[in-house]
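Asker: One letter stands for each residue in the lines below.
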Amino acid sequence: MQKLFESIKQGFIKTFIRDNRYKVFVQGFRNTVVITIAAAVIGILIGVIVSLIHSLADNARNKKSHTPGAVLITALDKLCAAYVAVMRGTPLAIQLMIMTFIVMGGFPNKVLVCCIAFGVNSGAYVSEVIRGGIASVDIGQTEAGRSLGLSELGTLRLIVLPQAIKNILPALCNEGIAVLKETSICGLISVVDLTRAGDLIRSRTMSPYFTLISVAVVYFILVFGLSKAVKKLERRLAQSDRH
Amino acid sequence: MIDIKGLCKDFGDLKVLKNIDLHIDKGERVVIIGPSGSGKSTLLRCMNLLETPTSGKVIFEGTDLTDIRTDLDKVRCKMGMVFQQFNLFPHKTILENMTLAPKYHKLMSDAEAKETAMRLLTRIGLADKANVYPSTLSGGQKQRVAIVRALAMGPDVMLFDEPTSALDPEMVGEVLELIKELADDGMTMAIVTHEMGFAREVGTRVLFMDEGEIAAENEPKAFFDKPENPRLKDFLSKVL
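Protein chains in written order, with this note's numbering: chain X, 1 to 243; chain U, 1001 to 1240.
If you are wondering where the hints come from, they were derived from the structure by calculation, not from laboratory data. Treat the hints with caution; some may be incorrect.
As the list claims (entries may be wrong) - Which residues of chain U face chain X? A few of them, derived with a C-beta cut under 10 Å, are:
#: 1; residue: S1036
#: 2; residue: N1048
#: 3; residue: T1052
#: 4; residue: G1056
#: 5; residue: D1073
#: 6; residue: V1075
#: 7; residue: Q1084
#: 8; residue: N1087
#: 9; residue: L1088
#: 10; residue: H1091
#: 11; residue: K1092
#: 12; residue: A1146
#: 13; residue: R1149
#: 14; residue: L1159
Stated by the list, open to error - Here are the simulated lysine to any residue pairs, SDA-like style, with alpha carbons at most 20 Å apart:
#: 15; chain 1: X; residue 1: K64; chain 2: U; residue 2: K1092
#: 16; chain 1: X; residue 1: K63; chain 2: U; residue 2: K1129
#: 17; chain 1: U; residue 1: K1129; chain 2: U; residue 2: T1093
#: 18; chain 1: X; residue 1: K64; chain 2: U; residue 2: D1013
#: 19; chain 1: X; residue 1: K64; chain 2: U; residue 2: L1014
#: 20; chain 1: X; residue 1: K166; chain 2: U; residue 2: P1090
#: 21; chain 1: U; residue 1: K1074; chain 2: X; residue 2: L153
#: 22; chain 1: X; residue 1: K166; chain 2: U; residue 2: K1057
#: 23; chain 1: U; residue 1: K1074; chain 2: U; residue 2: E1061
#: 24; chain 1: X; residue 1: K78; chain 2: X; residue 2: E128
#: 25; chain 1: U; residue 1: K1092; chain 2: X; residue 2: G140
#: 26; chain 1: U; residue 1: K1106; chain 2: X; residue 2: L158
#: 27; chain 1: X; residue 1: K64; chain 2: U; residue 2: C1008
#: 28; chain 1: X; residue 1: K63; chain 2: U; residue 2: T1070
#: 29; chain 1: U; residue 1: K1078; chain 2: X; residue 2: E152
#: 30; chain 1: U; residue 1: K1103; chain 2: X; residue 2: R157
#: 31; chain 1: X; residue 1: K63; chain 2: U; residue 2: T1093
#: 32; chain 1: X; residue 1: K64; chain 2: U; residue 2: P1090
#: 33; chain 1: U; residue 1: K1103; chain 2: X; residue 2: L161
#: 34; chain 1: U; residue 1: K1092; chain 2: X; residue 2: V137
#: 35; chain 1: U; residue 1: K1057; chain 2: X; residue 2: S65
#: 36; chain 1: X; residue 1: K64; chain 2: U; residue 2: R1069
#: 37; chain 1: U; residue 1: K1092; chain 2: X; residue 2: D138
#: 38; chain 1: X; residue 1: K64; chain 2: U; residue 2: T1066
#: 39; chain 1: U; residue 1: K1106; chain 2: X; residue 2: R157
#: 40; chain 1: U; residue 1: K1103; chain 2: X; residue 2: E152
Just so you know, even glycine gets a beta-carbon here, dropped at the ideal spot from N, CA and C.
Isolated chain X (complex conformation) (with noise of 0.2 Å):
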């Protein structure tokens, strides 16, 4: 029992203390939660814009419009269907690359450029979240608000989107959580996030177990701490419901 507290205290110092092994972690760390946040608002942003175009588009080919701003719409649309299936279709450690030596090739702060790969790959997901969100809002509810003279934005904003927001938050966060676990991809671009400080650790210290594992409950407590929280938002929302 003395021995196995005398190795956990010794793979402690090993991994954490020695040579300010710590600040490494804090700074992979620190990279983490930024891209991670960063990433999930242009994710939003993006996918709001494009379920936002994605509804509009619908209501103009259901009412057969010709105007000048249906056509737009429409073709903003398609754009926008070829940009999911894109994002959908190729993997993730791909796109980071692509982004780093093409898009943004030369560009000198590599955890902005994790931020805009992260955030443009997620903006994708999103957008199918909302638009799920929004389609399982009963049609009868947008009806109402376009017979009181609402116009269609303003029936998304005020009677669809508060509704459709308690199925889209769920899923959200779901998304959210799938960022959070799939920055640890960042090391194949050298920027050093939770993993990669892990992994860097682990060749100095040649101990894997230590520095992995706790890598390991890092992560895990994030994405727990994060599912509680909105399972707490969730059930105020759902008030409205209830009583």
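Using the hints, position chain U against chain X.
Answerer: Okay, now just chain U, sitting in the frame of chain X:
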């Protein structure tokens, strides 16, 4: 008030409305009956362009609604609509349901909108429900709120799309009673319904729709007592 000229509506190959001409005067209460699939709901929904006609014109108070330059949102403020499924907004309280559109259009200040809503809720005896969510109301209460929600906009005409079809039988009466009150106030209405007694009592004119056409129309008494159209006779013999 409402002028429908040569209205056609296709859903794919299915011709739901075939060249409908209909004129509704101010103060008229036009009741539309007919078998399911006859196009009566579609006709009603074309009146405020919730359904876009394939061809033909819908003119309301001199404005051609089928003209793409028409600001439909503005026109719809003057046309209240009540749905079979109530369509109250579940994420808003009853009061918010009622003040949402008037505030959105800046027709009234917040205080005025609230005052109007409370006056209307008091009228239907639901003032105490102002701050609860729709899910706590019975079907009849929901539909009455839906009716006064439309009234809060101060419409010139009310369109009712089978307002009692989704209600439990014991709640039909309270909703019909409210519609009758509106009728007594002189509100112009178009009503799609399966309630024949109500059609007879409240309508100034009854239309019978069959296979996308207005097959018969008359004032209620003659319509029900001396039907001439064979398809109408057949229909009435089944529902009365």
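Asker: Which earlier hints turn out false for this structure, listed by number in ascending order?
Answerer: Violated hints (numbers, rising): 1, 4, 15, 16, 22, 31, 32; every other hint is consistent with the structure.
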